[in-house]
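Trainee: Sequence:
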Amino acid sequence: MPYNGTDQFSHNEAERLGVLVTNLGTPDAPTTPALRKYLAEFLWDPRVVEVPRPIWWLILHGIILRIRPRKSAQAYASVWQPEGSPLLIHTAKQAEGIREALKKKYGSNVVVGFAMRYGNPSISRVLEDMQQQGVRKLLVLPLYPQYSASTTASTFDAIAADFTRRRWLPDFRFVSHYHDYPPYIEAMARHIEAHWANHGRHEKLILSYHGVPLKYLLKGDPYHCECHKTSRLLAERLSLGQDDYLTTFQSRFGREEWLQPYTDETLKSLPEKGVKSVDVFCPGFSSDCLETIEEINEENREYFMESGGEGFGYIPCLNATPGHIDALVQLVEDNLKGWAVPDNSPNNLAARQKCAEARKQATFPGRTDI
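Position in the sequence shown counted from 1, then plus 331, gives you the numbering used here.
Since the hints were made in silico from the structure, they are not lab data.
Using 35 Å as the maximum straight-line C-alpha spacing, the simulated DSBU-like pairs for lysine-lysine come out as follows:
#1 Lys668 <-> Lys468
#2 Lys535 <-> Lys546
#3 Lys402 <-> Lys604
#4 Lys560 <-> Lys607
#5 Lys599 <-> Lys535
#6 Lys436 <-> Lys468
#7 Lys402 <-> Lys368
#8 Lys402 <-> Lys535
#9 Lys560 <-> Lys436
#10 Lys535 <-> Lys604
#11 Lys468 <-> Lys435
Generate coordinates for the entire structure from the input sequences, incorporating the hints supplied.
Mentor: Spelled out as structure tokens, the structure:
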């Protein structure tokens, strides 16, 4: 099997340290064909749907991909921006914020890229670009604060699969979670406090996380526990009592039991329990996307208000706010500790050039093609 390398590679080229930021993914357009392609990739991942492949292939291609793409395309169309999907826009801005902060400190010796687990820009494409830029040490930061095999581990799978096809592997570090990272908790707390200062505060704070099937928890996935720890730390920082907030789970799919309590059913039931106003924030989403904009701020807002609610406040995700960028930069720098940033100064590159030429002539005298 041929391995990916660099054409006309020079052994004295500049070396760089790379930071790859990843997120879940997005279709290329809010259309039925684009959604069919995207969902086929996403839902075929065995990390996402743990069903025997022959059975799942029949369900996916015989039912789901015949029905769901059109409905999903309509939902995406309602949130689509001229620059693309919200998730793509925010992730690009987050990567740019990290890039600018690191550039001020390290110059061009640190390369920051972003990729999507499903869709574009693909992980393989961005890794190839980073290799061509001389990245020899690579830190991967999936923007999933809470670890789950269906998200974080799936990203690792994609990185590992790409590495099996590369000739020269970089030194590698991987951020598996940051659910209790103090700067992340602080960034969320200040973000929520700023929202309350500008828009007022409702009776109860709902912390809604993306759901996963209950069986994942029972098989040892720590996601449920990490979500609750994030909620507890955030509540403590905001000085909230146990009756002031709830942790719920959204976006369930299929008929099997998922993590509970469900966000939609909770919001439908609160008014009859005397809770007439809520604020909703999604700590597990680093960026606003279809699941926060359309599902929470539109669909679930409607559920709550139609059930007798009187006030519903949606608190946007951290997105590329300065506080979030600062927290992510701290997280990156903490995980880069011990890695020296390459010295690509002209004097050092010149010295490496002479050293490389001397080694070449000593080892292969007379050769001009290496």
